[in-house]
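Make the complex out of the two chains shown on their own, each in a separate frame, by following the hints.
For the protein sequence lines, the chains are A and B, in the order given. So in the numbering used here, spot 102 of the first sequence is number 102, and the numbers just go up one at a time. So in the numbering used here, spot 185 of the second sequence is number 185, and the numbers just go up one at a time.
Hint data in this document are derived by calculation from the structure and do not stem from the laboratory. These figures come from a predicted structure and were not determined experimentally. Cβ atoms here follow ideal geometry from the backbone N, Cα and C, with glycine treated the same way. Check the hints yourself; a few may be wrong.
Unchecked claim - Okay, the calculated bits of chain A under chain B, using three or more residues with CB under 8 Å as the criterion:
#1 51-60
#2 77-91
#3 106-120
#4 228-242
#5 266-279
#6 293-299
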Amino acid sequence: MNAMLKSILSTEFGFAILRVMTPLLLPALGVAISGLSGATNIALEGIMLVSAFTGVMISAFTKSLILALLGGIASGIGLAALLGYFHLNLKADIILAAIALNMLAEGVTVFFLFMFTGDKGTTSSLKSLIFPALHFPLIQNIPVLGAIVSGHNVLVYGALLAVFLYWLITFKTPLGLRIRAVGQNPDAAESVGINVNRTRMWALMLSGFFGALGGLYLAMGYVSWFSPRMTAGRGWIGIAAASLGGNLPLGTFLSSLLFGVVNALANYLAPLRVPSEFIQMIPYLATAVALTIYSIQAMRKRRRRI
Amino acid sequence: MEKFVLRYFNLIRAVIAVVIGIVISVFLIYLVSKDPGFSLQQFLLGPILSRSRFSNVIETASPIILCGLAIAVAFQARQFNVGAEGALYLGAAVGTAFAVSTHMPAFLHIPLVLLVAAGVGAMWGMIPGILKAKWKASELVASLMLNYVAYYLGLYLINFHFRDKQAGYLASYQLPRTAWLAQFIPDTRMHWGILISLAMALLVYLFLYHTTSGYEIRMTGFNEHFARFGGINVFKVVVLCQLILGLLAGIGGMTEVMGIHRRFLWQSQGHPGYGWDGVVVAIIGRNHPLLIIAASFFLAYLRVGGQVLNLMSDVPAEMVTVIQSIIILLITAEAFLSQWRYRIMVRQAARQEVAV
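Pulled out of the complex, with its shape left as it was, chain B reads as follows (with noise of 0.2 Å):
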């Protein structure tokens, strides 16, 4: 039992966040609800109650992984760039563009808008990541305020040159069929985008930890002085591991237009929120590609039940927004509960020494 507790430590640290954060939901659903044994039902297991609803936390947990990962792998690197959400509204953007005024057959269709949407994202990532290599400026900073100018450069591309006037709502064309990630199972909305969400998260879990240029991102990471000296090309690790950040991210919030909405509708409902998702289930994660994806249907879960809440009862989904951002404070703290572990610790050195 206490080896397992220290092998698995930073895990079981994780758990335990989590359950905390549910107990505080717990509490919170019944000070404000007023009928609270049916609202904690709708929220914890609402989503799993019907094929439609757990369908939905599929597909959510879709572009939370893609933007998970981008944002993990500038975190290895310990570059604090949250660009994701402008990432994947621009790469989003500019890719819906590119599919509603071409035309071609689907086995080009579809790579070719992603690849669109993957570029304009990588190229919006790799800026702060230029700044920061070249001259220091705060990769933070930089993001967070391009995060803003994708925005409205997203809303005037969409708003003033693709706009359905026809549509009834601020939208997009629709995108030709050709440009369509079809929805497989019948009466859900669930897309081949989570296929190529899980095949990335193979991808990048291989690249950060079987390649030279991971081993380098992870090195810089951990140590930057060190990696210079090791000979690590510090300038190339900086700009690649937020150009990936940007290409990840872009990609994600296309496979969601072409599988679900098939439009740009995201300036009627402001920012699709997935790049701060992206943050908090990193955080979760640990940075790590396959802890991520379990991080990311987590969140999905939360998120939908959610959703339920807000629909079938009288609690706002934002009470969601309020246990991710305590779990993520309790799972940042490093010393949550490593008197625990030391305490272990110094019982298991006391039993070795009077073994010898």
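Isolated chain A, as found in the complex (with noise of 0.2 Å):
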């Protein structure tokens, strides 16, 4: 006990709590914009899933990280046009169309991953590239926090800058206005001239955007290598994220801390002599009870106002 005590304090714990974070706060920020536009994307799964099978198999066969990264980032938009395009345009439940391409990248990954590879498990057998660790020069010697801030894959960085990127864009950008307008009323948004349509496409395309880095991370940084449904229940953690942050880019940042501590505590508790199923439940059980208290107190507050 005291063991493990120790080891949750080290500057390792707080390494692995970003580490683990990535790739619920990037699904999570693509839920978010699309949620503030008022078409919540909940295919993030899929598209993580898709960039990160793309990028792999791009960097297997180019070496090119830039290829891969643009590859990636290309496939996860695409899916999540797709999606504006059968929800705004063919006016599919956004949920059941979500649904569907959830499982259409979980079937043309696998599809393609025997294709390529012969192979239905994973793509280790490729050589696949992975993104750089990144030192920081001066933050490195830092006591304590060098240790924990310090030589992360370049996507850990790339996800806490683009928390700044979505604040950017919400509220320093017509764009951000527009998609805020079109979310709170749409009817009010187009009275004044919104193109409400477009500004969903939009909003669900940077969804798209993030979603595929949260993908090429998971594959190109966290593990090397690409394998079915590996994903595992990431993008729908970042629903209960992006929710319980409240959409916004700082709540939406905390509430993925949270659930990045709970998965590395999780990770810890490895060694304990508990079934290794308890701790495996841990952060789909976490999410489900930090859901529900979330709405208990999203309920009191509604209630006070009235």
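The structure is reproduced here in structure tokens:
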């Protein structure tokens, strides 16, 4: 018990939190921006899978990180745009269409995984690349903080920048203003000349962008291969994180951080003599509990206002 | 002809979506297979070329029907609970635990085991329902998370307490014979579960369309505010429909264990995935119990075709997942083909005007 406490209080634990949080934070931002526009994208699970797969494949066959990054992002935005097309143009229910796209992503990735590698397990037979880690010369020498903050994969910093980018887009650009207006009252927005569908399409494509970064990090940073269903519900946890954070930048970041801490803790509990099933259950159970507590709070707040 | 199209427009749309899905699968097979003619034949005709495979279609359809009904009851009330997977898994795990630790004659054992699975499933399905009804917590996210929790709970229960170490693979003890659903056609695994599924479909149909509670569920889905002002207890409806969801899914999982494997062996093979199939057939069947039966047989046919394809050719079975998702995408797209209907309506209206 003591040894475990010591390992939790160590700098490695802080490092692990950032590492584990990243693939939750990025899809959460994706859900958040689409949620602000009033067309909540719950296809992040699928978007992450497709981008992760595309990134791994491109990096394995071209040996170029830039191409892998661009390809992964393009595929993520493409899938989000497809959701937008079905929801906005063909009037599909966005939840059902997103469920279909998640299935599509699961099927397509395994289908092509088998076509390219003859294996449905992983891409570990391919020599795919990973994004580099960054060491900051001055920061890494700061005691405690340096060990936690420095030396992460470049996409971990990308995720932190993405929070800032999200804030910038939603609160400092005309597009962000339109997105928020459309989300709060589409009819009012339309009456002042905002194209509701086009604005929501932009929001969905941005959500595809954030989700794609999450998928790329997962397969080319967090681990160095692609395997089927490797997202393991992170896209779904992202939905909870975004709603806990009220779809706002700081809130979404903090709720993702909370889930990151829980996930990292679960990893550290492994040596305890508890059946591993219970430890693996923790992230999902914690998400459900957090969602419930948040909903109770929100309900109380609403009641008070009335 | 035009009247026919207008009357059955949704059905025709679904059929066209299915045809497009199959055309895409033909295209995919030609794209990736070295011997496309053979692969195509295996995929489209494989399931009916042998008795055991045809029976596979019916066996596979059985739990899919139950999960489709489960999802449909919740979707009819516009509750996006996708927890059939978790309720099925946990219901079957606890049901198995109950079956292997009790001894009684078959006429008691079978219904009791089914009842336990149904009860556990119902309780599990009810949780997101209560969270939604009481505090407006998203039933979609809650049920998704609980699917994972149910998976690990079931795994723990079977692996730590009911695992048969002599089985040679990860599986529970074998169910006592008194808890087996008999396979009634020689050389096949066709079991009584399919009759349970069909009977449940009929019951759910009668429930949804011929009882007050069913009406309340549909009205809540149609317009929640309207339902509330009409005096419907929406709280009750939201909980009830998700309770029924879990109940049906629990039975679906248990019949599969009792009729086919006679052990709980979903720990080595992961989720059986029937819960998601239920979502697919509920969408294809537009949440109507009787159409869901047809949709389930269709999906089961594709599934078995996919397995044959996997076994006999160089095309992976995941192709079925790809086309099933394209089909449900097209079916959910309200505006898909609506131009066509609009033109027919305009033409008919014009003709009526001339007649007057």
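Hints versus structure:
Judged by the Cβ-Cβ criterion of 8 Å, the region 51-60 of chain A is not covered by chain B as claimed, because only 0 of its residues qualify and three are needed. Against chain B, the region 77-91 of chain A contributes 4 residues with a C-beta closer than 8 Å to a partner C-beta. That satisfies the three-residue criterion, and the hint holds. Under a criterion of three residues with beta carbons nearer than 8 Å to beta carbons of chain B, the stated coverage of the region 106-120 of chain A is upheld, 8 such residues being counted. Counting residues of the region 228-242 of chain A whose CB falls under 8 Å from any CB of chain B gives 5; the rule of at least 3 is met.
For the region 266-279 of chain A, the proposed coverage by chain B is satisfied: 3 residues have a C-beta within less than 8 Å of a C-beta in that chain, meeting the threshold of three. With 5 residues carrying a beta carbon less than 8 Å from a beta carbon of chain B, the region 293-299 of chain A meets the three-residue requirement, and the given coverage holds.
Checked against the numbered hints listed earlier, the structure breaks hint 1 alone; every other hint is satisfied.
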